[in-house]
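Here are the chains, one letter per residue:
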Amino acid sequence: MARIEIDESRCKGCGICTIACPKKLITLCDKVNIQGYTPAEALNQEQCTGCALCAEICPDVAIIVFK
Amino acid sequence: MQQVFKRPQSLKDVQTHFCPGCNHGTIHRLVADALDLFGVQQTTIGVASVGCSVFLYGYFDVDVVEAPHGRAPAVATGVKRARPDRFVFTYQGDGDLAAIGTSEIIHAANRGEDITVIFVNNTTYGMTGGQMAPTTLVGQKTSTSPYGRNKAKDGSPIRMAELLAQLGGVAFSARVAVDSPKHLMDAKKQIREAFRFQVEGKGFSFVEVLSSCPTNWGVTPLEGNARVGAEMIPYFPLGIFKNQGNP
Ligand SMILES: Cc1ncc(C[n+]2csc(CCOP(=O)(O)OP(=O)(O)O)c2C)c(N)n1
Ligand code: SF4
Ligand SMILES: [Mg+2]
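Chains as they are written, first to last, in our numbering: chain A, 1 to 67; chain B, 1 to 247.
Bear in mind the hints are in silico, worked out from the structure with no lab data behind them. One or more of the hints may lead you astray.
Here are the simulated lysine-lysine pairs, DSS-like style, with alpha carbons at most 27 Å apart [claimed, not checked]: (1) Lys23/A / Lys182/B; (2) Lys151/B / Lys141/B; (3) Lys188/B / Lys24/A; (4) Lys189/B / Lys23/A; (5) Lys12/B / Lys67/A; (6) Lys188/B / Lys23/A; (7) Lys189/B / Lys6/B; (8) Lys242/B / Lys189/B; (9) Lys153/B / Lys141/B; (10) Lys24/A / Lys67/A; (11) Lys6/B / Lys188/B; (12) Lys188/B / Lys67/A; (13) Lys24/A / Lys6/B; (14) Lys182/B / Lys24/A; (15) Lys182/B / Lys67/A; (16) Lys188/B / Lys202/B; (17) Lys202/B / Lys189/B; (18) Lys189/B / Lys24/A; (19) Lys242/B / Lys188/B; (20) Lys182/B / Lys242/B; (21) Lys12/B / Lys188/B; (22) Lys6/B / Lys182/B; (23) Lys6/B / Lys67/A; (24) Lys31/A / Lys6/B; (25) Lys67/A / Lys23/A; (26) Lys67/A / Lys189/B; (27) Lys23/A / Lys6/B; (28) Lys242/B / Lys202/B; (29) Lys189/B / Lys12/B.
So these bits of chain B aren't anywhere near chain A, every CB distance computed over 12 Å [as the list claims (entries may be wrong)]: (30) Glu66; (31) Tyr147; (32) Gly148; (33) Lys202.
Positions of the beta carbon are idealized from the N, C-alpha and C atoms, including for glycine.
Use the sequences and the hints to build the structure in full.
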């Protein structure tokens, strides 16, 4: 069991995490955050392994990981 | 469940001004992560440069001296000689290090100053509007090379990591990238390795980090990272060009 938390107010919607995740669990959502970007979200995290690659590559350090 | 990934202590919990997808943010975190690993946050003096990383002092929770226009290795020399007990690193872009401050970097490296240099190569002067740098690839269009870099007129892009590796004073020189998880994990390792050289007093260490500048390249963040892999790495190969740590 593992899970991530995305700080949606810090996210700039670059989308780099969406291709870094080996399970492709992250997508950009439609709503606009306080900075005017569409942040990343991970709605279904059942397959998350806690590899933390999304967090490692995030330029805005907007993801934390629990395992 | 335990938290297995969190923000490094050496990196302030603030919003950066970097454009979406700019690799500077990732590189900042890797550097902060290495500062944490060696427990040198309280004894570090960073030296910032010009370029989009000019606000280093606002993002790293360490002491920082600002040294504009390529002078960071010279300022770092003074800082380290005055306070040899401090951990001293510079963080410089390619306009700053490979054009404006070519003299300072070459002589600091040649003297073998006991400092670490993080060199962010994004093939352009990011902050000032995407002008051509000595690292701009042949054919690359920039605001000052609208028809593409012309090899006959402008020369070939400078490979700083290889160039510095030839100097006697350099103990460690490597080139890494953060465009993919695989490259990123190696970048993390080499930045730590470079820091270890200074922590152990083994001399001048240099890490060139290939970086994207989606804004001035006129591409999306994902296209930017893809260009690092497809166009930069073939010309700027990743690897360690000098390692005098393990004889
Ligand atoms: C008109 C003008 N000339 C020179 C400068 C000085 N200057 C500040 S940032 C910069 C470019 C830095 O580029 P680089 O070192 O590649 O950093 P990047 O922003 O790409 O990370 C220059 C030349 C300036 N600010 N304005
Ligand atoms: S202009 Fe380029 S280098 Fe500067 S913050 Fe934006 S993407 Fe990064
Ligand atoms: Mg640059």
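message: Check the hint pairing Lys202/B with Lys189/B against an upper bound of 27 Å on the C-alpha distance.
response: Judged against 27 Å, a Cα distance of about 17 Å means the pair holds.
task: Assess, step by step, whether the Cα of Lys151/B is no farther than 27 Å from the Cα of Lys141/B, and give holds or violated.
output: holds, 13 Å
query: Is the Cβ of Gly148/B farther than 12 Å from every Cβ of chain A?
result: Since the minimum Cβ distance to chain A is about 27 Å, Gly148/B lies beyond 12 Å and the statement holds.
- request: For the pair supplied as a hint, Lys182/B and Lys24/A, confirm whether the alpha-carbon distance does not exceed 27 Å.
  value: holds, 16 Å
query: Is Lys188/B close enough to Lys202/B, meaning Cα to Cα at most 27 Å?
result: holds, 19 Å
- request: Please work out if Lys12/B and Lys188/B have their alpha carbons no farther apart than 27 Å.
  value: holds, 19 Å
27 Å limit on alpha-carbon distance, applied to hinted pair Lys188/B and Lys67/A: holds, 21 Å
message: For Lys6/B and Lys188/B, compute the direct alpha-carbon distance and say whether it is at most 27 Å.
response: holds, 15 Å
Given pair status - Lys12/B, Lys189/B, alpha carbons within 27 Å: holds, 22 Å
message: Please check whether the beta-carbon of Glu66/B is more than 12 Å away from every beta-carbon in chain A.
response: holds, 22 Å
task: Find the nearest Cβ of chain A to the Cβ of Lys202/B and say whether that gap is larger than 12 Å.
output: Label holds. Min Cβ-Cβ 27 Å, cutoff 12 Å.
message: Run the distance test for Lys189/B versus Lys23/A: straight-line Cα separation, threshold 27 Å.
response: Measuring from Cα to Cα gives roughly 24 Å; hence the hint holds.
Violated hints: none; the structure is consistent with every hint.
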